[in-house]
Amino acid sequence: MSPKQLEEMYDAVIVGAGAAGLSAALGLLRSPAVARMRREGVEPRILVVSKLQPLRSHTGSAEGGIAASLGNVESDDWHWHYYDTVKGGDWLVDQDAARLLAEYAPQTVINLERQGVAFSRTDEGRIAQRRFGGHTREFGGEPVRRAAYAADRIGHQILHTLWQQCVAEGVAFAEEWYVTDLVLAEDGGRAAGVVAFDTHAGAVKAVHARNVLIATGGAGRLFHTTSNSWDLTGDGMALALDAGLQLEDVEFVQFHPTGLAHTGILLSEAARAEGGVLRNADGEAFMERYAPGHADLAARDVVSRSIMAEIDAGRGVADPKDPDGPRDCVWLDMTGIDPDRMHAVLPQVVETIEQYAHIDPVRDYVPVKPTAHYTMGGIPVTTRGEVYRWSADTDGEATRTKVAGLFAAGECSCVSVHGANRLGGNSLLDACLFGTRAGEAMAERIADEPAGDPTAADDPELLALDGMLSDAVDRSADHRRQELASLLDASASHDPEDNNPYRLMARLGSLMERALAVRCSAQSIEAALEELDSRVAPEADSLHAHDATAAFNQEITAIWEVRHLTTLAGAMLSASAGRRESRGSLRRLDFPERDDERFLAHSMIRSTPVEDSSHGADAPGYELLWQPVHIVDIPPKRREY
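FYI, in numbering that gives the first Met the number 0 the residues of the sequence shown are 0 to 640.
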């Protein structure tokens with residue numbers, strides 16, 4: 000589905016149609032500000048741009064649950080959820096944001112139910128809840144059932160419900176359009192729109208907008224072994240870097256403990272919540288040694304590191320598909336779960352194991368290993384989704400400067416509720432809650448200056464503003480059209496063997512896995528940066544399409560995707576080099592301790608021109624600043640499970 004024609008100027012363009020983007024659209028359209036506009040006869044001009052059909056968005060793959068202190072199964076309190084989120088993030092969490100997340104989680108879940116999400120139920124008819132790693136009672140006590148679930152298909156339920164609600168609201172979609180440029184006004188102080196490639200028409204489109212929201216999801220394809228779908232190529236974060244903006248805490252990548260070996264396909268944490276146990280080659284349920292009292296339901300970074308420690312100690316197992324291969328897995332033992340319950344509440348997990356491992360989890364152990372799952376960092380935003388720049392002058396004065404009309408939500412953003420490690424169930428909550436808040440904030444801006452207001456049609460200031468914004472987008476679109484023509488030029492000389500974006504993406508994934516997967520060091524980071532700069536980036540820049548047809552040419556988008564991944568990889572490696580400590584998901588073998596004195600702060604990294612690279616980063620081409628963490632009422636202490 001594509002719009003029949005593009006508006007001359009949109010009030011808002013939302014890039015991404017997962018839970019965050021769809022929540023933002025609904026939050027905007029159902030806000031008091033838009034209701035006021037409609038009473039005055041003005042309808043907001045909104046467009047949602049997605050590189051996939053919305054129902055294929057990665058939100059649909061979320062399995063286990065959405066966290067909220069509903070207290071439907073056992074007593075719970077949002078203050079406990081708040082504490083668990085801060086502790087789970089190893090105190091790199093902005094506590095004002097985490098407080099909002101926990102306090103409004105029950106309301107968010109109830110609103111989802113009212114919109115049509117079919118949650119699993121208790122015998123009394125209430126929304127059912129299960130345990131998830133790191134969620135506790137009484138500020139770190141016994142595990143608590145906090146994750147509301149729909150069997151093991153909660154993401155599927157939420158995505159379909161939000162999409163149906165958007166269709167009911169008449170939201171316009173541009174589906175299978177790939178956004179190539181985030182355009183800011185010349186001074187970089189406000190959003191101007193986006194440039195997108197319509198894959199159906201094979202044409203570059205200039206989309207003018209007074210407000211833009213980026214909700215493009217994560218960047219799991221940076222790694223060879225990942226639970227993420229093929230399309231999660233870090234586009235939104237790379238667009239921000241290319242536009243001269245910063246990324247926050249991008250060095251923190253969560254590896255989910257239970258990826259099905261050697262596919263990376265996720266086996267939900269729900270499997271362990273229902274009674275699954277991790278075992279080493281000796282059959283030992285080893286997690287009790289690493290996290291007494293929490294065992295297999297400790298926080299994800301703790302479990303992933305524990306698995307790798309067992310493998311490093313020689314207690315790993317081989318994938319039964321390759322019995323003579325590397326012993327780089329451990330067992331997931333689900334045989335203690337009642338078979339009828341297993342099939343009732345874990346149908347997707349069972350189906351995945353049977354189809355991809357050819358194992359019956361009722362009888363046999365399942366080989367698993369950590370898989371790249373979630374990017375905690377991203378585009379820095381306020382709790383209202385407003386994108387900002389962080390700066391510190393020579394006198395030590397530090398400020399947040401908002402980029403007018405630019406918003407972000409979901410995994411590509413960083414409101415810093417996850418810190419250095421996200422708790423299970425908090426990602427869907429983050430996307431839905433802060434996506435809605437960003438939409439409401441956009442609506443307030445739109446109501447002040449709606450693009451479709453006939454009474455302002457001749458306002459010279461607005462006409463001048465729209466002209467400036469449109470010119471900026473049109474120039475970017477012209478540049479992108481020239482690049483597209485070059486990519487399609489059949490006369491361009493290239494070796495087919497060395498001109499393959501998919502092969503290059505696989506090489507980049509292997510490089511990043513060697514450098515950063517679960518653990519890293521200065522040596523692994525430096526080696527990856529050297530290979531990235533000397534080989535991968537130049538090859539990405541030299542890619543050309545093998546077919547001169549633009550329409551439905553997937554190789555064109557693949558080239559742009561691998562370039563985005565390359566851009567993001569440089570920033571991630573440089574930020575990882577700059578953080579000389581171990582915290583949450585970042586395990587530095589050369590700096591094994593957490594260092595609150597120097598690094599209780601968010602990394603803020605941006606790309607800089609080569610001639611302007613003598614700032615604070617450990618690699619040329621980047622500026623690295625540090626923003627203090629917002630501590631409210633939970634002082635940092637040693638993190639133990």
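The hints are simulated quantities; they were obtained by calculation from the structure and are not laboratory data. Be a bit skeptical, because a hint or two may be false.
As the list claims (entries may be wrong) - With beta-carbon atoms standing in for the labels, derived distance ranges:
(1) 322 / 106: 35 to 43 Å
(2) 355 / 537: 34 to 42 Å
(3) 383 / 141: 53 to 61 Å
(4) 462 / 4: 18 to 26 Å
(5) 546 / 340: 31 to 39 Å
(6) 95 / 596: 42 to 50 Å
(7) 521 / 112: 32 to 40 Å
(8) 312 / 125: 26 to 34 Å
(9) 106 / 169: 44 to 52 Å
(10) 102 / 4: 23 to 31 Å
(11) 462 / 484: 41 to 49 Å
(12) 201 / 589: 19 to 27 Å
What the hints assert, rightly or not - Straight-line distance between alpha carbons at most 20 Å, and here's what the computed EDC-like set of lysine to aspartate or glutamate pairs gives:
(13) 636 / 594
(14) 401 / 363
(15) 636 / 580
(16) 3 / 39
(17) 3 / 186
(18) 401 / 186
(19) 320 / 287
(20) 401 / 353
All C-beta atoms, glycine included, are put in the ideal place defined by N, C-alpha and C.
| field | In rising order, the numbers of the hints this structure does not comply with | value | 1, 3, 5, 6, 7, 8, 9, 10, 11, 12, 14, 16, 17, 19 and 20
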